[in-house]
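> Listed below, chain by chain, are the residues.
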Amino acid sequence: MIHFDQVHKRYPNGREALAGVSFKVERGEMAFLTGHSGAGKSSILKLIALIERPTRGRVIVDDRITSGIRPRAIPQFRRQIGVVFQDHKLLADRPVADNVALPLIIAGVPRREIDKRVRAALDQVGLLGTERSRPLELSTGEQQRVGIARAVVAKPSLLIADEPTGNLDPQLALEIMRLFKRFNDVGVTVVVATHDVHLIDQFGARRIVLGEGRVAVETPP
Amino acid sequence: MSMRAYFARHAQTFVGSLGRIAAAPFAALMTMAVVGIALALPLCLHVFLQNARAATAGWNEGFDISVYLAKFATDARTQAIAAQLKARGDVAGVRIVTAAEALAQFRRYSGFGQALDALTDNPLPNTLIVAPAIAAGTPQGMAALKTAIAAIADVDKVQLDTEWVTRLAAMLDLLHRVVLLAGLLLGIGVALIVGNTIRLDVLNRRSEIEVMKLVGGTDGFARRPFLYSGLWYGFGGGVFALVLVAVAVAAVGGPVGRLAALYGSPFRLSGLDFTTAAFVLAAASVLGLLGSWLAASQHIRAINPS
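Chains as they are written, first to last, in our numbering: chain A, 8 to 228; chain B, -7 to 298.
Read the hints as simulated data drawn from the structure, not as lab findings. There's no promise every hint is true.
Stated by the list, open to error - No farther apart than 20 Å at their CA atoms in a straight line, the calculated lysine to aspartate or glutamate pairs in the DMTMM-like style are these: (1) Lys149(B) x Asp56(B); (2) Lys149(B) x Asp211(B); (3) Lys53(A) x Asp146(B); (4) Lys138(B) x Asp148(B); (5) Lys149(B) x Asp165(B); (6) Lys96(A) x Glu200(B); (7) Lys188(A) x Glu36(A); (8) Lys188(A) x Glu144(A); (9) Lys162(A) x Asp12(A); (10) Lys188(A) x Glu219(A); (11) Lys96(A) x Glu202(B); (12) Lys53(A) x Asp67(B); (13) Lys53(A) x Asp94(A); (14) Lys162(A) x Asp176(A); (15) Lys96(A) x Asp211(B).
To be verified - Examples of chain A residues lying across from chain B (beta carbon under 8 Å, computed): (16) Lys96; (17) Gly136; (18) Arg157.
From the three backbone atoms N, C-alpha and C, an ideal C-beta is built for every residue, glycine too.
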């Protein structure tokens, strides 16, 4: 599903975030991307979602070499990937239902179908009944779950998350991780970047540990 | 995407953009007011011009052409020329003033009776007073008639005392050009005003546009609500301009009517007709759309998630 082949990423300010990263995540797998902050976790997720492009090396997502994807084709490409952000990136002035519906509206799904799928996604994250609330009326954990509902509502085959539990207490963080595991159980490939080693110890999933822009340790699948 | 879903989405954005404007009514009204004032200026000039044309349209009528024949033209020749002129389509009537009649009139009105007695000969020629047909009452028609009469043999001089009417018409034509030019420039101004407002709107919604792009929204998708906002700004400005013109016409209409009445004219100041008003609304909407398209396309392209 994801294949990094000797990927380098140097930012315009000269910082080298990745210095020859290689790893593979198979279809239907769940993997944790860890390492201290600044090790390149976020850069890898940005390369997967085509928010950034590699300076050198190849990134293959869903059998497509991302460097061959033209800017015009990026929106279509991103629709196959569900992304969860540490800061949720919700639209504060829209109700929860509209936030979750956004990917479906963009894809041109009919209105009636949208309502149905938004309710299903909110049900999966345990937030049924909050459709009309504004994101800021919810707790941080609930906002994160709205973000997850938005990431999965269009049924992507790949779900990536950048520090999804960064602002949550251990109990809430565990719940969020279990949620990701549930999506993985139904066949979604899941990649979660997190520095919370204690948390991922409780999951049997594969671990890719980054250090100084390279893969330092990789546990087998 | 099916056509129905496409139109449903447009309808939704269309109404949604109204909601956005309603959320910040003061800023939106300011933009509409500026657009309205910019459009009202050339429109007021247009109304002034249209009324000036209507008021002066009839001025060529009732002006007769004096045709002085050569001194040697006999009475028989005078009759012949008069008949020839009467036969023309652009001539309503011809009256003959013989040299003797003219002298008698002159003697009666001028007060030079004694002096005229000293003349052995009548110095005046036979004269024809030609009344043009109403259809020929335009500056061009009058000029053509004048040239045609002057070309007749034995005609000495054709006098048309309406040259200033021709000049006035020329001036109105010039003013018409000025109005068109002003309209064009201010139209560009309207597109820029709306564009600038949209630019600020886009920057204010930067994070929202980033989120849209992150979940796979195209530039076109992010742009659509701004296009509708621009359309509303333009349309609202057009309505504002029409109101301003109506107020101006109402304010000036009374005095103009009284002035016209003093000259015995039934002239009434008229405002914009329906077609022009509809054109103004359509043009303002298109200009708003154009301005927002330019601004939104450029600024949305520059926003990329990081």
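> Each hint: holds or not?
Structure-based check of each hint:
1. A threshold of 20 Å between alpha carbons decides the hint, and for Lys149(B) with Asp56(B) the separation of about 14 Å falls inside it, so the pair holds.
2. Between the alpha carbons of Lys149(B) and Asp211(B) the distance comes to roughly 75 Å, so the proposed pair goes past 20 Å and is violated.
3. Proximity of Lys53(A) to Asp146(B) is assessed by CA-CA distance (about 98 Å); at most 20 Å being required, the pair is judged violated.
4. For a cut-off of 20 Å, the pair hint linking Lys138(B) to Asp148(B) stands: about 12 Å separates their Cα positions.
5. Between Lys149(B) and Asp165(B) the CA atoms are separated by roughly 29 Å; this puts the pair beyond 20 Å, and the hint is violated.
6. A distance of roughly 8 Å separates the Cα atoms of Lys96(A) and Glu200(B); the hinted pair therefore holds under the 20 Å criterion.
7. At roughly 10 Å between alpha-carbon atoms, Lys188(A) and Glu36(A) fall within 20 Å of each other, so this suggested pair holds.
8. A C-alpha spacing of about 27 Å is found between Lys188(A) and Glu144(A), which places the hinted pair above 20 Å, so the restraint is violated.
9. The hinted pair formed by Lys162(A) and Asp12(A) fails the criterion: a straight-line CA distance of about 27 Å is larger than 20 Å.
10. In summary, the hint linking Lys188(A) to Glu219(A) is not supported, as the alpha carbons are separated by about 28 Å, beyond the 20 Å threshold.
11. Of the pairs offered as hints, the one joining Lys96(A) and Glu202(B) holds, with about 9 Å between alpha carbons and a cut-off of 20 Å not exceeded.
12. The straight-line distance between the Cα atoms of Lys53(A) and Asp67(B) is roughly 106 Å, outside the 20 Å bound, and the hint therefore fails.
13. The suggested pairing of Lys53(A) with Asp94(A) holds, with an alpha-carbon distance near 15 Å, which does not exceed 20 Å.
14. Simply put, Lys162(A) and Asp176(A) have alpha-carbon atoms about 28 Å apart, too far for the 20 Å limit, and the pair is violated.
15. For the given pair, Lys96(A) sits about 18 Å from Asp211(B) by alpha-carbon distance, which is consistent with the 20 Å threshold.
16. Among the interface hints, the one on Lys96(A) holds; its C-beta lies about 5 Å from the nearest C-beta in chain B, closer than the 8 Å criterion.
17. Given the 8 Å rule on beta carbons, the hint for Gly136(A) is violated: about 23 Å separates it from the nearest Cβ of chain B.
18. Annotation: Arg157(A) was flagged as interfacial toward chain B, and the flag holds, the nearest CB pair being 7 Å apart, inside 8 Å.
Of the numbered hints stated above, those contradicted by the structure are hints 2, 3, 5, 8, 9, 10, 12, 14, 17, listed in ascending order.
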